Structure formats: C-alpha cells, structure tokens
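Chains as they are written, first to last, in UniProt numbering: chain A, 1 to 169; chain B, 1 to 169.
What the hints contain is simulated information worked out from the structure, not anything from laboratory work. Predicted model, so just to flag it, every value in this text is computed and none were measured. Positions of the beta carbon are idealized from the N, C-alpha and C atoms, including for glycine. Take these hints with a grain of salt, some might be off.
To be verified - Heads up, incomplete: computed chain A residues facing chain B, CB under 10 angstroms, no partners named: (1) 28; (2) 31; (3) 41; (4) 50; (5) 88; (6) 108; (7) 117; (8) 121; (9) 124; (10) 127; (11) 145; (12) 156.
Stated by the list, open to error - Here are the simulated lysine-lysine pairs, DSS-like style, with alpha carbons at most 27 angstroms apart: (13) B:153 x A:39; (14) A:10 x B:120; (15) A:10 x B:39.
For reference, the chains in residue letters:
Number of protein chains: 2
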Amino acid sequence: MAGCEAKERKILVAVDEGEESMYALSWCLNNIVVSQNSKDTLILIYAKPTPSIYTAVDGTGYLFSPDTMSSMERYSNEVAECVMEKAKRLCKEDHNLDVKVETRVESGDPRDVICQAVEKFGVDLAVLGSHGYGLIKRTFLGSVSNHCAQTAKCPVLIVKRPKSDGPSK
Amino acid sequence: MAGCEAKERKILVAVDEGEESMYALSWCLNNIVVSQNSKDTLILIYAKPTPSIYTAVDGTGYLFSPDTMSSMERYSNEVAECVMEKAKRLCKEDHNLDVKVETRVESGDPRDVICQAVEKFGVDLAVLGSHGYGLIKRTFLGSVSNHCAQTAKCPVLIVKRPKSDGPSK
C-alpha cells in the first residue's frame, strides 16, 4: 500500500452554510485527498429541511401558508446551490485538485441523509464538521456527528474548527 | 498542497487489546499514512486502568489485597506491552511503512488519556476504533469515541470494524 498509488475511494463530505463544514472540507483536501493524481471521488452532500421541519419550527400549531412554504423552499434551494458552489470552488481553485466532485442535495434530517448516502453510494470515508448541518439548527435534536459516527457504515472523520480561527493546515 | 510532498503530521492512534483498534490502525495506515516517504509520526497510545479502577470493579466495598493489586498491575503491564508489539508489527511488517512510531502507555480513563495526549503532543489527527479502550470495559461509562470527538482539540477519525469481518482496505 506504500507509495502514491491512486486508490479509488469515495469520500463523502457533508456541507452546510456554516464555516465549520468548509473547514472540514478543506482539512480533508489537505490531509486525505492530497494527490493531484487521486482517483478519489468527493461526494458533497447537503441536507435541506423538509416541509415538515418548517412546520415544526413555526411551533404555533398552525401550518404555514402555501406561499410561505413555497418561498421557504425556494430560499432553501438557493442556499443549497450557494453552498455547493462555494464547496466546489474550494476543491478546484483553492486546492488546485483535479479530483472528481459530485454534489447531492437531499431533503431530510442530516443524520439520516448522511447515513443513507453512505450506504447508497458505498462511501469509504465520511467527513463532517462537529457542529452545524441544518438551515434551522434547533430543529435537529442531538448531535449529527455523534449519531453518524455510531451509525454510518464507514469510518467517520469529525473535524472541529480551531477556536483560534487560524488557517487550515 | 497537491502532489506527494511529505508533511510532518502527528497522528495519534489509540490501541487496546481489541481487534477493532487494530483495524482502526490498519485503516489509518492504508488511507492516511500511505507514503513510504511520509514524515508522519504515529503515536500509539494505550490507556491502562488505574488501581482505583480495579477497586471499583471489585464492587464488594473491600479493597483488593496488595498482592492482588500487584499482580493486576503486572498483568496490565504485560497486556500493554503485548498490544504495543502487535501494533508496531502491523506498522512495520504488514504495511511495510518506514513511518516513525512512538509508543506511550498511560494510566487512567482512556477518554482523559487520549484528550490529554492530543494537547501534550500537539497531535494533528486522532484515530480511534468506535468501541473498546478498556481492559475492564464496564468501568468506563459512556463512549470513548463520542467523548473524544467532542473534546479532543484536533480532528478525530472513528473507524468501525465492518461486521462482515472482511479484510481492511
């Protein structure tokens, strides 16, 4: 296994709108996907809230109007697109890696979205920030990273952003 | 960061007498420390129970005799030595990596031992199996990997051994 032979691995990175997930992606690129000749495939996954989650957030017992739901859905799609663009830019420009990048936007609780994607795509390693993963964070009880570390059927790398806010290494 | 330039990283791997931690070490060697010219330093750490833990295990309210304590201590040292030998063999022979390996045996709760070592040695990545880390496992309440993922001041990789018991990749 020695040397720089390329191995075909599927590495899932869960991204969201927070800086921590971008730091986790950057750390992964620097420390796991280091070779320009890498045959790794990066699967960037973003979990967007389902309509039922918006309803839970309201908390008044009333449903949002169809108009409100529709604009929330539109906003959520725009956020997903923006996050994916930022993540892809990080891979291609900032790290100058010609790695294969796939993006997936799925609706649901990020814990389920991540664990299901691991099985669906036969992922070899899942990379997560230690916080975040929710447009509306308080709707997700419990820690996404803890849950995935125990449940996902592959090794899980949990990357914390240093408190100093220094550059990634 | 592209290419195979060697980076000087300190990678801590927590080992114990269980197969899961050896699988985690093997996965780390195959997927993180892949280069023969690596400048990585592997720090293999083993947490052995403290005398107070033996006492708690007795559970009768009586202390063990000094003779019993002494033979438990001796046994624990032998286990530590055996685990370290096995781990070093895995690095050098099975993976043919000329990586620098340091070994540390510390007394205490593995959660504290691991998190303290991360700070003490300026570790860049901590690698853990998702279970284990205790000669006498039931004395350690809560999950070592969960605790370290939240507390350790570096990224934490949690490696589960596949249920199929297949070879590591």
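Here's how the hints hold up against the structure:
Annotation: interface hint on residue 28 of chain A holds; nearest CB of chain B at approximately 9 angstroms, less than 10 angstroms. The interface hint given for residue 31 of chain A holds, since its Cβ lies 7 angstroms from the closest Cβ of chain B, which is under the 10 angstroms cut-off. Proximity of residue 41 of chain A to chain B is violated relative to the hint, the smallest CB-CB distance being about 14 angstroms (cut-off 10 angstroms). A cut of 10 angstroms between beta carbons decides the hint on residue 50 of chain A: the least distance to chain B is about 27 angstroms, and the hint is violated.
Look at residue 88 of chain A: its Cβ only gets to about 17 angstroms from chain B, farther than 10 angstroms, so that hint breaks. Given hint, residue 108 of chain A at the interface with chain B, is violated; its Cβ is 23 angstroms from that chain's nearest Cβ, farther than 10 angstroms. Hint on residue 117 of chain A is violated. Least Cβ distance to chain B is approximately 16 angstroms, over the 10 angstroms limit. Interface hint at residue 121 of chain A: violated, since its Cβ lies 16 angstroms from the closest Cβ of chain B, which is beyond the 10 angstroms cut-off.
For residue 124 of chain A, the suggested interface contact is upheld, since its CB lies about 8 angstroms from the closest CB of chain B, less than 10 angstroms. Using the Cβ-Cβ criterion of 10 angstroms, the hint placing residue 127 of chain A at the interface with chain B is satisfied: the shortest such distance is roughly 9 angstroms. Among the interface hints, the one on residue 145 of chain A holds; its C-beta lies about 6 angstroms from the nearest C-beta in chain B, closer than the 10 angstroms criterion. At its closest, the beta carbon of residue 156 of chain A sits 5 angstroms from a beta carbon of chain B; the interface hint therefore holds under the 10 angstroms criterion.
For the proposed pair residue 153 of chain B and residue 39 of chain A, the alpha carbon gap of about 30 angstroms is over 27 angstroms, so the pair is violated. Pair hint residue 10 of chain A plus residue 120 of chain B does not hold up; C-alpha atoms about 33 angstroms apart against a cutoff of 27 angstroms. A threshold of 27 angstroms between alpha carbons decides the hint, and for residue 10 of chain A with residue 39 of chain B the separation of about 25 angstroms falls inside it, so the pair holds.
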